[in-house]
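S.K.: Each chain, letter by letter, is given below.
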Amino acid sequence: MAVKKRGQTFVYSNPPHIVAHASIVGPEESRGPYGEYFDLHCSDTKCGKDSWEKGEEQMAADAVNLSMDKASVSAADVDFLLGGDLLNQIITSDFVARDQDIPFLGLYSACATLVEGLLLGAGLMDGGFADCVVAFASSHYQTAERQYRTPLEYGVQYPPYKQFTVTAAGSYVLGWTGGGVWITHGTLGKVMDLGVSDPNDLGSAMAPAAAELILQHFSDLKRGIVDYDLILTGDLGKSGIKMLTVLLEEKGILLSDKLMDCGAEIFGGEKKYGAGGSGVGASAAFVGSVIIPRLISGELERVLLVGTGALLSTITVKQSETIPGISHGVVIEKLPGG
Amino acid sequence: MIEIGIFILSFSVGGLICAVCQLILDNTRLTPAHILVGLVILGSILTGLGWYESLIKIAGAGATIPVSNFGYILTKGALDAAQKDGLLGLFKGVLARASAGISASVIIAFFITLIFNPKE
Amino acid sequence: MKNINKTKDEYKEIVKNEQPVVEKGRNVLRAFLVGGGICLFGQILWDLYLYLFDLSKQDAGTLATITMIFLGGLLTGLDIYDELGQFAGAGSLVPVTGFANSMVSPALEYKQEGFIMGIGANLFSIAGPVLTYGMVSAFIIGALKNIFGG
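Residue numbers (our numbering), protein chains in the order written: chain A, 1185 to 1522; chain B, 451 to 570; chain C, 19 to 168.
There may be inaccurate statements among the hints.
The following label-pair restraints were derived from C-beta to C-beta distances [claimed, not checked]:
{"hint": "1", "chain 1": "A", "residue 1": "1374", "chain 2": "B", "residue 2": "484", "range": "21 to 29 Å"}
{"hint": "2", "chain 1": "B", "residue 1": "499", "chain 2": "A", "residue 2": "1331", "range": "38 to 46 Å"}
{"hint": "3", "chain 1": "C", "residue 1": "105", "chain 2": "B", "residue 2": "508", "range": "22 to 30 Å"}
{"hint": "4", "chain 1": "C", "residue 1": "74", "chain 2": "B", "residue 2": "501", "range": "45 to 53 Å"}
{"hint": "5", "chain 1": "C", "residue 1": "105", "chain 2": "A", "residue 2": "1498", "range": "21 to 29 Å"}
{"hint": "6", "chain 1": "A", "residue 1": "1362", "chain 2": "C", "residue 2": "43", "range": "19 to 27 Å"}
{"hint": "7", "chain 1": "B", "residue 1": "501", "chain 2": "C", "residue 2": "134", "range": "36 to 44 Å"}
{"hint": "8", "chain 1": "C", "residue 1": "30", "chain 2": "A", "residue 2": "1375", "range": "46 to 54 Å"}
{"hint": "9", "chain 1": "C", "residue 1": "40", "chain 2": "A", "residue 2": "1521", "range": "31 to 39 Å"}
{"hint": "10", "chain 1": "A", "residue 1": "1521", "chain 2": "C", "residue 2": "105", "range": "50 to 58 Å"}
{"hint": "11", "chain 1": "A", "residue 1": "1315", "chain 2": "B", "residue 2": "477", "range": "42 to 50 Å"}
Computed cross-link-like contacts, EDC-like style, restricted to lysine to aspartate or glutamate with a CA-CA straight-line distance of at most 20 Å [to be verified]:
{"hint": "12", "chain 1": "A", "residue 1": "1238", "chain 2": "C", "residue 2": "131"}
{"hint": "13", "chain 1": "A", "residue 1": "1502", "chain 2": "B", "residue 2": "476"}
{"hint": "14", "chain 1": "C", "residue 1": "24", "chain 2": "A", "residue 2": "1377"}
{"hint": "15", "chain 1": "A", "residue 1": "1233", "chain 2": "C", "residue 2": "36"}
{"hint": "16", "chain 1": "C", "residue 1": "30", "chain 2": "A", "residue 2": "1382"}
{"hint": "17", "chain 1": "C", "residue 1": "20", "chain 2": "A", "residue 2": "1223"}
{"hint": "18", "chain 1": "B", "residue 1": "569", "chain 2": "A", "residue 2": "1283"}
{"hint": "19", "chain 1": "A", "residue 1": "1435", "chain 2": "C", "residue 2": "101"}
{"hint": "20", "chain 1": "A", "residue 1": "1238", "chain 2": "A", "residue 2": "1283"}
{"hint": "21", "chain 1": "A", "residue 1": "1455", "chain 2": "C", "residue 2": "131"}
{"hint": "22", "chain 1": "C", "residue 1": "26", "chain 2": "A", "residue 2": "1228"}
{"hint": "23", "chain 1": "C", "residue 1": "26", "chain 2": "A", "residue 2": "1404"}
{"hint": "24", "chain 1": "C", "residue 1": "34", "chain 2": "A", "residue 2": "1283"}
{"hint": "25", "chain 1": "C", "residue 1": "26", "chain 2": "A", "residue 2": "1433"}
{"hint": "26", "chain 1": "A", "residue 1": "1435", "chain 2": "C", "residue 2": "97"}
{"hint": "27", "chain 1": "C", "residue 1": "34", "chain 2": "A", "residue 2": "1404"}
{"hint": "28", "chain 1": "B", "residue 1": "569", "chain 2": "C", "residue 2": "97"}
{"hint": "29", "chain 1": "C", "residue 1": "34", "chain 2": "B", "residue 2": "476"}
{"hint": "30", "chain 1": "C", "residue 1": "34", "chain 2": "A", "residue 2": "1223"}
{"hint": "31", "chain 1": "A", "residue 1": "1254", "chain 2": "A", "residue 2": "1228"}
If you're looking for bench data, these hints aren't it; they were derived computationally from the structure.
Glycine is no exception: its CB is placed at the ideal position from the N, C-alpha and C atoms.
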């Protein structure tokens, strides 16, 4: 009997703490409005390595190692490592795990991968399978753009709703003690496809999945928008959050100023970044470095983090397939009395 | 004596070709690759009809700088050689006039790639 | 049963209404001015070469084209052509400088994969279709003309 499940939502009876977090960002993100919030900054996009892919691997590895240092745990203390990224065969995460003496579970839900990791990690702990889990995710402008889109120097015109992949990685250590926040619920989303096929318009492709997830979460827990201080979406971008707002308004949910999007925030109002950032690195770095401190300081009490992923491959785009979206959610709360 | 008319015509004809392509890009689902291939084929057809040569006479670089000119020089080469050598000429001639442009593109592109590095 | 049960057409309507607008009028004007400007520059080079060197009209034109290819490639290497492209759209895509950009940009991007599989294999990854269809259509037009004696 699945006693801890309500609808599509995990209700953790022993909520795991986010004991420590570490983030690392690339040069453009360092210059953004949140630049100084992040732990580590790469001055070049190759992170001193000889290729972008190795640079991304280095960033993800640095985030994992720093988060474990901050939590004062060694590889022997960590039961499972959960991670994913945007490259084919989630190769960055595979290579990060290659250097860790920890059993590894590779995950892929595009830019919802971080939330998937947190949700499953908390589930493994609450289910009694683990006492300490590390979840990480990364994305990288150059590696992702050249896999998914045209070359960087190619002079094509992008529409104003295009988003730009964030170069960043984040890692979270889940444990039973320490830290200032815990993960109380996790909602698994369904794949949604409302026919968007423009690979420059991922925000619109993902918004229905995010709306679906938020509605499902509220109905599973019989909660509403009043129960949350913030709905934080992953990377819908400035254009995608408009679609989400419209979709939810039609269902009677007014997000108004309780909605924030990691991707839309991370580059600030910089015009050359169109609708803002995308990529799982945005939420991986932003949640831990910007939002969790606000929870700890008491500025926020309860946040619903909604990871948003666009499920496309370079092949399906060439075959003119539509782009489905996936969304997962976790509730992060300030520890009672913490 | 330099004619001023050719400058006005090259600017407006070249600009017009680009503007039409921009309209197609913004109003259809076609990608830049479709546009470029379409232009080359269009250039080739117009050459077959004998119109592209007239356009070059009128607009100069306004017709030779857009990519459609590749269609012109490839087809023109094939047509000229076919007149002399028949079917074999079709194969011999395709790259005859286009050689300079295509070879220059490959060679120049190679060396530029050697010298520069992609942006960080 | 999903909570969001919109049809694709209904959602397309929402996206159309909420998406930031592509400024088509502005784009066309920019494409015209930049595209025309590039062609005008080509024309100036052409006339300049005719005036400076002892070349036939056709050879001077070819030399002008090669110069433009070089400039397009150079601006790509200098990180400028992609920004010009964002500004001018088809205005910098359609001229032969854009063709040079389409060869240099993928080669540059894959430089770190080595000389053969990187630069060599990627020079034509965008320009390939243009050459392929140019040659095939040249062949077809030539064959048709030969058969029907145009």
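S.K.: Are the hints correct? Go through all of them and say.
M.R.: Consistency of the hints with the structure:
For the pair residue 1374 of chain A and residue 484 of chain B, the beta carbons lie near 34 Å from each other, so the given range of 21 to 29 Å is not met. Separation of residue 499 of chain B from residue 1331 of chain A is about 43 Å and conforms to the stated range, judged on CB atoms against 38 to 46 Å. In this structure, residue 105 of chain C and residue 508 of chain B meet the distance hint of 22 to 30 Å, their C-beta atoms being roughly 28 Å apart. In this structure the supplied range 45 to 53 Å is violated for residue 74 of chain C paired with residue 501 of chain B, their Cβ-Cβ distance being about 23 Å.
The hint said 21 to 29 Å for the Cβ distance between residue 105 of chain C and residue 1498 of chain A, and at roughly 27 Å that hint holds. Separated by about 58 Å at the C-beta atoms, residue 1362 of chain A and residue 43 of chain C break the suggested range of 19 to 27 Å. With their beta carbons about 42 Å apart, residue 501 of chain B and residue 134 of chain C fall inside the hinted range of 36 to 44 Å. Range check, residue 30 of chain C to residue 1375 of chain A: about 19 Å between beta-carbon atoms, so the 46 to 54 Å window is missed.
Look at residue 40 of chain C against residue 1521 of chain A: about 52 Å separates their beta carbons, and that is not inside 31 to 39 Å. Between residue 1521 of chain A and residue 105 of chain C the beta carbons are some 56 Å apart, a value that agrees with the proposed interval 50 to 58 Å. At roughly 59 Å, the beta-carbon separation of residue 1315 of chain A and residue 477 of chain B lies outside the given 42 to 50 Å, and the hint is violated. Among the hinted pairs, residue 1238 of chain A with residue 131 of chain C is consistent with the structure: their alpha-carbon atoms are about 12 Å apart, no more than 20 Å.
Taking the CA atoms of residue 1502 of chain A and residue 476 of chain B, the gap is near 19 Å; set against the 20 Å cutoff, the hint holds. At most 20 Å may separate the alpha-carbon atoms for a hinted pair to count; residue 24 of chain C and residue 1377 of chain A meet this at roughly 10 Å. About 42 Å separates the Cα atoms of residue 1233 of chain A and residue 36 of chain C, which puts this hinted pair outside 20 Å; it is violated. Under the criterion of a C-alpha separation no larger than 20 Å, the hint pairing residue 30 of chain C with residue 1382 of chain A is consistent with the structure, at around 12 Å.
Straight-line distance between C-alpha atoms of residue 20 of chain C and residue 1223 of chain A comes to about 40 Å, which puts the hinted pair past the 20 Å bound. Distance hint between residue 569 of chain B and residue 1283 of chain A is unfulfilled; the C-alpha atoms sit about 29 Å from each other, more than 20 Å. Between residue 1435 of chain A and residue 101 of chain C the alpha-carbon distance is near 42 Å, which puts this suggested pair outside the 20 Å criterion. Note on residue 1238 of chain A and residue 1283 of chain A: the hinted pairing holds, with a Cα-Cα distance of about 13 Å set against a maximum of 20 Å.
Restraint check: the Cα-Cα separation between residue 1455 of chain A and residue 131 of chain C comes to about 32 Å, which exceeds 20 Å; the hinted pair is violated. Under the criterion of a C-alpha separation no larger than 20 Å, the hint pairing residue 26 of chain C with residue 1228 of chain A is inconsistent with the structure, at around 42 Å. For the given pair, residue 26 of chain C sits about 26 Å from residue 1404 of chain A by alpha-carbon distance, which is inconsistent with the 20 Å threshold. For a cut-off of 20 Å, the pair hint linking residue 34 of chain C to residue 1283 of chain A is broken: about 47 Å separates their Cα positions.
Restraint check for residue 26 of chain C and residue 1433 of chain A: satisfied, since their Cα atoms lie roughly 18 Å apart, inside the 20 Å limit. Distance check on the hinted pair: residue 1435 of chain A and residue 97 of chain C sit about 47 Å apart at the alpha-carbon level, beyond 20 Å; violated. Taking the CA atoms of residue 34 of chain C and residue 1404 of chain A, the gap is about 32 Å. The hint is violated against a cut of 20 Å. The straight-line distance between the Cα atoms of residue 569 of chain B and residue 97 of chain C is roughly 7 Å, inside the 20 Å bound, and the hint therefore holds.
For the hint linking residue 34 of chain C to residue 476 of chain B, the alpha-carbon distance of about 14 Å falls within 20 Å, and the restraint holds. Note on residue 34 of chain C and residue 1223 of chain A: the hinted pairing is violated, with a Cα-Cα distance of about 39 Å set against a maximum of 20 Å. At roughly 25 Å between alpha-carbon atoms, residue 1254 of chain A and residue 1228 of chain A are farther apart than 20 Å, so this suggested pair is violated.
Comparing the model with each earlier hint shows violations of hints 1, 4, 6, 8, 9, 11, 15, 17, 18, 19, 21, 22, 23, 24, 26, 27, 30 and 31; every other hint is respected.
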